[in-house]
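Colleague: Sequence:
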Amino acid sequence: MSYHCFEAFKVLARSYLDVDSHPLFDTIRDRMEEVKISPANVAETLMRKSVDEDAGSCIENLIQAMNKAREEASKRAQASTEENVEGEEGKSGARQDEASTDRFEICKNLYTIQNS
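In terms of full-length UniProt numbering, the sequence shown opens at residue 1 and continues consecutively.
Hints in this document: simulated from the structure, not taken from any laboratory. Wrong hints could be hidden among the right ones.
To be verified - Derived lysine-lysine pairs resembling BS3-like cross-links, with alpha carbons at most 27 Å apart:
| no. | residue 1 | residue 2 |
| --- | --- | --- |
| 1 | LYS10 | LYS49 |
| 2 | LYS49 | LYS68 |
| 3 | LYS75 | LYS36 |
| 4 | LYS49 | LYS36 |
| 5 | LYS36 | LYS10 |
| 6 | LYS36 | LYS68 |
| 7 | LYS10 | LYS68 |
Kindly produce the complete structure, drawing on both the sequences and the hints.
Modeller: Here you go:
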């Protein structure tokens, strides 16, 4: 899947909102560097939902959608990191259990040898 770039956003903004520039374009550019968003999602967000919506509100909706996507990506990354840490801790615990079992077996064998 391809993701959206700022230049493509400007084309969609011109097509859907009839604007070539807006004070929020810099914010859009910054978010697009941080968040992966498909052209279809950008287009859907930029479409006016009512005649009362102006270009600014549509652009603000896109910023909100990208902020939400950034938060969700951050949560997924954090959950993935936690899963990896828990998995490593589980492996570490299993290795400790194996080491304890090995030590027990060694002690048991030594006791058997000493009492023979």
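Colleague: Compare the structure with each hint and give your call.
Modeller: How the hints compare with the structure:
no., hint, in the structure
1, LYS10 x LYS49, "holds, 19 Å"
2, LYS49 x LYS68, "holds, 19 Å"
3, LYS75 x LYS36, "holds, 15 Å"
4, LYS49 x LYS36, "holds, 23 Å"
5, LYS36 x LYS10, "holds, 16 Å"
6, LYS36 x LYS68, "holds, 12 Å"
7, LYS10 x LYS68, "holds, 21 Å"
When each numbered hint is compared with the structure, no violation occurs for any of them.
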